[in-house]
Amino acid sequence: MTTHPSRLMIRIAAILTLGLCAGTVLAAVSPLELVAPVADYKLYVAENSRKLVTDVRNFTAAVKAGDIEKAKQLFAPTRMSYERIEPVAELFSDLDSAIDSRADDHEKAEQDPAFGGFHRIEYALWVEKSTKNVGSVADELLANVVELQKRLSALTFPPEKVVGGAAVLMEEVAATKISGEEDRYSHTDLWDFQANFEGAYKIVELLRPLVVKEDRAFAEKADENFKAVFDTLQKYRTPDGGFETYEKLTDRDRKLLAGRVNTLAEDLSKLRGMLGLN
Amino acid sequence: MRSPRLLAASMPRWDWNEMHWGETSMSDSNDDRQRNEIRSSASGAPTSPERRQLLGTLGGVALVGLAAKPAMASPGAPTQVTDAPVSALTQDRIPFHGPHQAGVTTPRPAAGMIASFFVLAETREDLERLFRTLTARIAFLTQGGPQLDPDPKLPPAGSGILGPIVPPDALTVTVSVGASLFDGRYGLAPLRPKHLQQMQRHPNDALDAALCHGDLSIQFCANTPDANIHALRDIIKNTPDLLVLHWKQEGSVPPIPASSDGPPESARNFLGFRDGSANPDSADAALMDRIVWVQTASDEPAWAAGGTYQAVRIIRNFVERWDRTPLQEQEAIFGRVKATGAPLDGGRSEHDVPDYAKDPQGARTPLDAHIRLANPRTPKSEANLILRRPFNYSNGVTKSGQLEMGLLFICYQADLERGFITVQKRLDGEPLEEYIKPIGGGFFYTLPGVRDEQDWLGRTLLQASA
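Protein chains in written order, with my numbering: chain P, 1 to 278; chain Y, 1 to 466.
Just to be clear, a hint being listed does not mean it is correct.
[As the list claims (entries may be wrong)] Pairs of lysine-lysine residues, derived as DSS-like cross-links and limited to a Cα-Cα distance of at most 30 Å, are as follows: (1) LYS227/P <-> LYS270/P; (2) LYS399/Y <-> LYS227/P; (3) LYS70/P <-> LYS132/P; (4) LYS270/P <-> LYS338/Y; (5) LYS194/Y <-> LYS108/P; (6) LYS399/Y <-> LYS255/P; (7) LYS108/P <-> LYS338/Y; (8) LYS202/P <-> LYS399/Y; (9) LYS399/Y <-> LYS194/Y.
[Stated by the list, open to error] Just some of the chain Y residues that point at chain P, by a computed CB distance under 8 Å: (10) CYS212; (11) LYS237; (12) PRO326; (13) LYS338; (14) GLY401; (15) GLN402.
Hints were generated in silico from the structure; no laboratory data involved. Here the structure is a predicted model, which is why all the values come from computation and not from measurement. Yeah, the Cβ is synthetic: ideal placement off N, Cα and C, and Gly gets one too.
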C-alpha cells in the first residue's frame, strides 16, 4: 500500500546522497528543471489539503449532529481533495490506513473495531443509517486530516514520488477502484475517479514542457487518453455538478475506462525513467 | 528452496534418477535419516519398464533442457492430442515413517497445496479416530498402490483420478494443528505449544476471515497438482464427520533445466525474482535440528518433540503494477539483481553472500531492501532463521479485472516467535509492500512424525493428555 515514514526518510536520504539523476541514457532533462514543477505540485497539494481539512470539518460536524442527509451529500465531494493528492497523502501509511482503509483491509470487515475513517462513516450513513456508532470515528478522521496537512506542509517532496504519482493514481484506479469496491455503500465511485484523474493529470500538466522535449508523441498520447476518460465521466455528470451512482456506469463504459486507465498506467510508468529519475 | 527438477543428473544434491540407479553421490546427507530412507525405499520401489528403458537409453548424460517437459520423447510417447502426458516420475516415493513428518525438509516438488479444516470431532475418542484415519490414508496415498472397487453397486473407493493403481508421484502430506484445537473441546489446552497462537494482522495485511486460520492444516506436495487433488479428495471422503474444509490454496513452482555446472538454482516467484536463495540447507540434518525441529530438550511440551511450527501466508502480488515498475527499483526493493539473483553489493550468482558490514549506509543494498530486512546477517539475526517452502499461486481475475496471483508462502521453524513473527515484524513497512497484500494464512504446529506401523499422527499429543 504505502511506504512507512521512517523508511521513506531513508529513501529520501538515499536520493539526496545519490543526486537526483543517476544518468539514464534517456535523460536530457536536468534535475534543476524539475524544481519548478515539483514546487508547483507542492502548492497544489497544500491547496487540496487545506480544502480537505475545511470539508472534513463540515462533514464530520454533520455526522456528529446526526444530520444523515447532509452528511451523505457531503461525503463524496469531501473525499475529492484527498483522492486528488493520494500519491503523496499515502506516503504516511499510518494516516492513509486510518483515513481511507476499506472494510476488506480488516479481518472482521465492517465489524472490525480497527475499521475507521471515511469508509466506516460511509457504512454508517448508507447501511446502518445511523451515526450513533461513529461519533468518535468522526473525531479521529478530523484529527487525522489535520495531522496530514501538518505533515504534508513539512514534507520535502521527493521528485520521483511526484513524477511517479501520476502512475500511482492510475494503478490505484486499475487495481481496486474500477470495480466499484472503493465506495461500495454509497456508490459514489465516479467522484473518486474524477478526482484521481484530475490529480494524475495535474502532474502530467506540470511536467508537460519537459515531457514534450523528450517525447512529443508520448505527451500527445497521454493527453488523448486523459481526454477519453474525462469525456466518459462527463456523460455521468448530474445537473448539480455531481455524478450519477456507480451502478449507472454501463458495462461498456466501465471496460472502456479500464482500458484507458491500463494504457495510462503503462505509459505513465515510463515517466520517471524518461525524466531521469530513480 | 531449490527448484524442482523433474529430470536431472549430475546434481550435488539428491536426485531421483541417481537414487534409482543406486549410485551414491550424496556425500552431504549421509547423516540424514529421512533422506537415506528416501533412497532405500525409492530404490526398492518398482520402476516401470518405460522408465527403466528411458534411463537405460539416456544413461548418465545430463538431461539439460528436458526438465520442463513431462511429455518427452520416449518409447510409447503420445501421438494423439488427448494422449496423457508422459511422466517418468510417477513412482517417486517419499517414505511416510520417520521421526519427522515428510514435506518439511523434503525437497520441494513442482506442485503444492495447503488446505485448512475445522475439526468436527466431538470427543477425544473421535479426535483420535480422526488422527488414526489421517495416518492410514496418508500412509496409503504417499506410498501408492491399488485401490480396488469390489462392488460396482457401491460408489468407488476413491475418486479414481489417478487410475486404479494410485502412483505415489513424490506425494507428501503434512498434518499440522492450529491454536484453536487447544481450546476447551478436547482438554488439550495445557499442551498447547508455547508459541502457537492465532496469526495476528500486520500493518499491510488485508486478511480475509474466509482465508485465515483453522483447527488443522494439511500441506500436500507432489510432482503434479493432480496427485495433491487426489489426496485431498481422498481425505475429505474418508473424514466426512470429522473435518470440514475451511479454505485451500494451490500453488506451483516453475521447473528449470538441470544445470551441469554450479550449484542448483532457486526457483523464481511471480515477481520474477529468485525466491529461496539464502534458505538454510535442508540437507544439513544438524542445522535442521537447530532451526526447524523442536528438540526433546526444549521449553516446549514433551509431546511436541520432532514437530515444528508452520506459518502460512497467502500473499497477493500486484503483478501488473510490478511489471510497470522500473527494473532498478525492483532490484532495490529486493536487494538482488533480477537476472542472476546476485546480491546488489556484488557477486555473480544468488549464492554469493552480501556483506552488509561493508555497506552500513545502504549505498549498495538499501537498508530497507527485502533481503536485508528479512535477514540482516548479524550474529543476533541467526536466531531468526526460517526454512521457506513457498509456491506461486494463480487464482483467476479480481473484480477490477486484474490477475489474482501471488505467493503461497509456507515456512517452518522451531520457534515461531523468533522465526516468522520476528522476521515479518522487521519487514513491516518495507517498500515491497506497495506491490503485495497478504490476504490469508495461519499458524499451525506440525505434528511429530509417525515412527512405524503401530504409530499414528498426534499420538504423543493425545497420550500426554490422557
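We went through each hint and held it up to the structure:
| no. | hint | in the structure |
| --- | --- | --- |
| 1 | LYS227/P <-> LYS270/P | 20 Å, holds |
| 2 | LYS399/Y <-> LYS227/P | 25 Å, holds |
| 3 | LYS70/P <-> LYS132/P | 15 Å, holds |
| 4 | LYS270/P <-> LYS338/Y | 19 Å, holds |
| 5 | LYS194/Y <-> LYS108/P | 26 Å, holds |
| 6 | LYS399/Y <-> LYS255/P | 12 Å, holds |
| 7 | LYS108/P <-> LYS338/Y | 37 Å, violated |
| 8 | LYS202/P <-> LYS399/Y | 28 Å, holds |
| 9 | LYS399/Y <-> LYS194/Y | 40 Å, violated |
| 10 | CYS212 | 6 Å, holds |
| 11 | LYS237 | 31 Å, violated |
| 12 | PRO326 | 6 Å, holds |
| 13 | LYS338 | 16 Å, violated |
| 14 | GLY401 | 6 Å, holds |
| 15 | GLN402 | 6 Å, holds |
Of the numbered hints stated above, those contradicted by the structure are hints 7, 9, 11 and 13, listed in ascending order.
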